[in-house]
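Each chain, written out:
There are 2 protein chains.
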Amino acid sequence: MSNCLVAQSGGPTAVINASLAGVIKANQLHPIYEKVYGGIHGIEGVLADELYDLTDTPASEIEILKQTPSSALGTCRYKLKRGQEADFVKLNEIMDAHDIDVMFYIGGNDSMDTVDALSEWAQQHGSAKRFIGIPKTVDNDLVPIDHCPGFPSAAKLACQITHATSLDYDAYTRPEIFVLETMGRDAGWLAASCCLTGDVDLLVLPEVDFDKDMFLSEVKQKMDEKGSCYIVVSEGAHYADGTYISAGESANDGFAHAVLGGAAQTLKQMIIDAGIAPRGIVQDLSRAARSSNFAQSKIDVDEAFQLGLSAHMRSADAYFTAKVVGVRRADTKDGSYEPEFFAGPASEFANYVRNFPNEWILPRYQGVTDEALDYFRPLVAGEPAIIYGDDGVPKTIVPYNLRQR
Amino acid sequence: MSNCLVAQSGGPTAVINASLAGVIKANQLHPIYEKVYGGIHGIEGVLADELYDLTDTPASEIEILKQTPSSALGTCRYKLKRGQEADFVKLNEIMDAHDIDVMFYIGGNDSMDTVDALSEWAQQHGSAKRFIGIPKTVDNDLVPIDHCPGFPSAAKLACQITHATSLDYDAYTRPEIFVLETMGRDAGWLAASCCLTGDVDLLVLPEVDFDKDMFLSEVKQKMDEKGSCYIVVSEGAHYADGTYISAGESANDGFAHAVLGGAAQTLKQMIIDAGIAPRGIVQDLSRAARSSNFAQSKIDVDEAFQLGLSAHMRSADAYFTAKVVGVRRADTKDGSYEPEFFAGPASEFANYVRNFPNEWILPRYQGVTDEALDYFRPLVAGEPAIIYGDDGVPKTIVPYNLRQR
Chain R
14 MSNCLVAQSG
24 GPTAVINASL
34 AGVIKANQLH
44 PIYEKVYGGI
54 HGIEGVLADE
64 LYDLTDTPAS
74 EIEILKQTPS
84 SALGTCRYKL
94 KRGQEADFVK
104 LNEIMDAHDI
114 DVMFYIGGND
124 SMDTVDALSE
134 WAQQHGSAKR
144 FIGIPKTVDN
154 DLVPIDHCPG
164 FPSAAKLACQ
174 ITHATSLDYD
184 AYTRPEIFVL
194 ETMGRDAGWL
204 AASCCLTGDV
214 DLLVLPEVDF
224 DKDMFLSEVK
234 QKMDEKGSCY
244 IVVSEGAHYA
254 DGTYISAGES
264 ANDGFAHAVL
274 GGAAQTLKQM
284 IIDAGIAPRG
294 IVQDLSRAAR
304 SSNFAQSKID
314 VDEAFQLGLS
324 AHMRSADAYF
334 TAKVVGVRRA
344 DTKDGSYEPE
354 FFAGPASEFA
364 NYVRNFPNEW
374 ILPRYQGVTD
384 EALDYFRPLV
394 AGEPAIIYGD
404 DGVPKTIVPY
414 NLRQR
Chain C
14 MSNCLVAQSG
24 GPTAVINASL
34 AGVIKANQLH
44 PIYEKVYGGI
54 HGIEGVLADE
64 LYDLTDTPAS
74 EIEILKQTPS
84 SALGTCRYKL
94 KRGQEADFVK
104 LNEIMDAHDI
114 DVMFYIGGND
124 SMDTVDALSE
134 WAQQHGSAKR
144 FIGIPKTVDN
154 DLVPIDHCPG
164 FPSAAKLACQ
174 ITHATSLDYD
184 AYTRPEIFVL
194 ETMGRDAGWL
204 AASCCLTGDV
214 DLLVLPEVDF
224 DKDMFLSEVK
234 QKMDEKGSCY
244 IVVSEGAHYA
254 DGTYISAGES
264 ANDGFAHAVL
274 GGAAQTLKQM
284 IIDAGIAPRG
294 IVQDLSRAAR
304 SSNFAQSKID
314 VDEAFQLGLS
324 AHMRSADAYF
334 TAKVVGVRRA
344 DTKDGSYEPE
354 FFAGPASEFA
364 NYVRNFPNEW
374 ILPRYQGVTD
384 EALDYFRPLV
394 AGEPAIIYGD
404 DGVPKTIVPY
414 NLRQR
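Going down the list, the sequences are from chains R and C. For the first sequence, the residue numbers in the numbering used here are 14 to 418. For the second sequence, the residue numbers in the numbering used here are 14 to 418.
Worth double-checking, as some hints may not be accurate.
A pair holds if it fits inside one copy or across any two, identical chains being indistinguishable in the list.
As a list, the in silico DSS-like pairs of lysine-lysine whose alpha-carbon atoms are at most 25 Å apart [what the hints assert, rightly or not]:
id	residue 1	residue 2
1	48	103
2	92	235
3	239	408
4	408	311
5	408	92
6	346	225
7	48	233
No wet-lab data here; the hints were simulated from the structure. None of the values given here were measured: they were computed from a predicted structure.
The shape of chain R in the complex, shown without the other chains:
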């Protein structure tokens, strides 16, 4: 009996560990692998032979792992590039050395491309090793799934913070604007989801080229009408020429992605400079919103866990490789939400960005259509029962000490 490997990559989410828990649990229910190894810090750690045995994780710890945010195995931004032969050979050697036949990779677009590239390499080199992807991203920008694990919980927290800060903002009489900034580099799903609570006056998405004059005229109209204007902006909002609203504040990360942030601050200053409001409040959700365990969506945790189970179970088929598991929205008679699990080619998940649909965007920054709200609503409803520690914080578990290695 051979072994399997599971690793995590890209930005942490609230439920990426639920998918990890699913893989571990599935192998306890049906031990098709002798060992379930966790690769520490994604491909980066795997290439450095940093593996950790997760096979016999106790049931009580699996339950806590499901509610542990961030990436319990650590993450990386290292991308395995086609043509970097040495990396592919090294990975193969490490898998051989540990008798690992199958690798599960939990991640976003880039990681699904890694799954595709590794499968392709194996095929070309007559290797029987298999690579299976489990999707996650708070950005919700993966095709061809209905939604991506991690997004519903991020959206739920974003909605909660939108509503709470909106009430806080409304409690004052002084004229000022409020700008909330969410993550979302290329796709505005997370920013758009904030409209669910009915508090958002204006919404600025990366899907619509930013028109400063039109935007300022809408802000002015809201301020004239009701003395307040609650704005949500996605970090990746940009002008028609591609310049980010936040340009000037940007740096680069290891993936040659711009490190964004500052769009809200820029909008606030723009509004003040235009003389529309004398002051403004900026709230940047940043890290606090993407991997919290105090606002998990129940459907998100359940589906992320079940996708871990599904990936493991489907891997019993010796020809199952270069695939990613996912969730579609089933057609139901009463229109109620029902997930449908499937698997598709990794190439279809990799390197495409699914934007927030244009037909769901209202003109002049007025938010989103009812159809969009109908899409979001079932995803954020419901809360899992959380196990709290005596420090008043949800219990978490990180099986491997990531920093002190």
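We have chain R; now place chain C onto it with these hints.
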């Protein structure tokens, strides 16, 4: 039978409406007033005769009011100053016009001073009107109480965000520092509470004059030892000469308080400039942390509600004026937490700042003592059962439309 008035002032909290709910509920249980009027936007709205009848708020709405963050009646930053005779006369006239004998004011230090000033004025002018304070502030800086309603919930959310962002930070291998900024102008209670989860490496409080060299040497030591450093800073941290760490980013609010923010950003840049880490992450809790209803502490909600009840019940005594209700920590045989309700002179609550105790601060930014953690622990433990709406967000109620008036 005469009427009473209740109003809110200062910064919103997660439980200020639970105190309001307590006053309304108490009068339903024992109708010593014919009407319970809500003053809209604190003293500012009361002076403009903006009152709203809350007497018959349905029980179901009272329950939701208890979990509604922010200030449901609106707030203000207008301070009634001794000697501004016109305001005192006007307020008296409005209370007369509505047959109001007693005013409950829910607020922080400044509001408790208003209670004191109004009572004093009434006494000097032979008026039988009475003024009673109910404390709230996320800063926890009121004397002579053990803790202030609003603080436990803010601390609970701060702890949850500290732990979640710390896990997120630890998932990466790249060398960078993390700086979390909390509210806390003069007192570091909220920042200090973040130490409860065991994730904080260095803590920068307003109670300790900032020593840049010592701080940087501690950051360097953490980075050398374990490759990471999670820092929490209170917005009001300052140098020995009183200059805020964030100086340069400050403006002024209507109370002549500096509007702070930017301490975390400043520390991050300081560390990068010193060559200790090439990059850093900043998380500013700001508004998101002070009035959320998805991380309420059960003890906080219960006590805030009970202080509302207590204020109303004690007001049955015709000599009860110029007083503030509060909570002390009772001596229990087993050391378990037990609240003890009391009332004290408003003058003792007003205009003093209770700093985080020096004897609870570890040297060289190393956090707080076990005694401090023992103080915090019972306050943040326990969660109320939250009523959710079908948008996945806790239900809220604002009886009066604050913006569209």
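### Task
Could you figure out if residue 346 and residue 225 sit no more than 25 Å apart (CA to CA) within one copy, between two copies, both or neither?
Classified as neither: same-chain Cα gap 44 Å, cross-chain 65 Å, threshold 25 Å.
### Query
When no copy is named, should residue 48 and residue 103 be tagged within, between, both, or neither for a Cα gap of at most 25 Å?
Within one copy only: 21 Å inside, 78 Å across.
### Task
Measure nothing new, just compare the shortest in-copy and cross-copy C-alpha distances for residue 239 and residue 408 to 25 Å and report within, between, both or neither.
Between. Shortest inter-copy distance 23 Å satisfies the 25 Å Cα cut-off; intra-copy 43 Å does not.
### Query
Using 25 Å as the alpha-carbon threshold, which applies to residue 408 and residue 311: within, between, both, or neither?
For residue 408 and residue 311, the Cα distance is within 25 Å both inside one copy (17 Å) and across copies (17 Å).
#### Entry: Identical-chain pair category, residue 92 with residue 235, by Cα at 25 Å
neither (45 Å within a copy, 29 Å between copies)
### Task
If the cutoff is 25 Å on CA atoms, where do residue 48 and residue 233 land: within, between, both or neither? Let me know, please.
Answer is neither: 62 Å inside a copy and 40 Å across each miss the 25 Å cutoff.
### Query
Under a CA distance limit of 25 Å, which applies to residue 408 and residue 92: within one copy, between copies, both, or neither?
This pair counts as neither: shortest intra-copy Cα distance 32 Å, inter-copy 43 Å.
In this structure, the earlier hints numbered 2, 5, 6, 7 are contradicted, and the remaining ones agree with it.
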